[in-house]
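Student: Sequence:
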Amino acid sequence: MPSDGIWRGLERVANIIGIVGALVALGVIGYFASLGIQLVRHGG
651 MPSDGIWRGL ERVANIIGIV GALVALGVIG YFASLGIQLV RHGG
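The opening residue of the sequence shown carries number 651 in my numbering; numbering runs sequentially from there.
It should be emphasised that the hints constitute simulated quantities derived from the structure, not laboratory data.
A virtual CB, placed ideally from N, CA and C, is assigned to each residue, including glycine.
Warning: the hint list may mix true and false statements.
What the hints assert, rightly or not - Distance ranges between label pairs, derived from CB positions:
hint, residue 1, residue 2, range
1, Ala664, Ile687, 48 to 56 Å
2, Arg662, Phe682, 29 to 37 Å
3, Arg691, Asp654, 54 to 62 Å
4, Asn665, Ile687, 26 to 34 Å
Please build the complete structure, drawing on both the sequences and the hints.
Tutor: Structure, rendered in structure tokens:
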């Protein structure tokens with residue numbers, strides 16, 4: 651039964667998805683933060 655290898659692969663994929671998701675979330679937060687700072691700075 652190759653289920654052990656399958657689970658190991660799924661675990662690796664889940665880790666990659668988690669890391670990518672965290673990076674995307676940080677990028678989105680930083681993007682909106684910079685947008686807000688620009689609006690405040692220009693008296694928006």
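Student: Decide, hint by hint, whether the structure agrees.
Tutor: Hints and how they fare:
For Ala664 and Ile687, the hinted distance range of 48 to 56 Å is not satisfied, since their beta carbons lie about 34 Å from each other. Remark: the range hint 29 to 37 Å for Arg662 to Phe682 is upheld by a beta-carbon distance near 31 Å. Judged by the Cβ atoms, the range 54 to 62 Å given for Arg691 and Asp654 holds: they are separated by roughly 55 Å. With their beta carbons about 33 Å apart, Asn665 and Ile687 fall inside the hinted range of 26 to 34 Å.
Comparing the model with each numbered hint stated earlier shows that hint 1 is the single one that does not hold.
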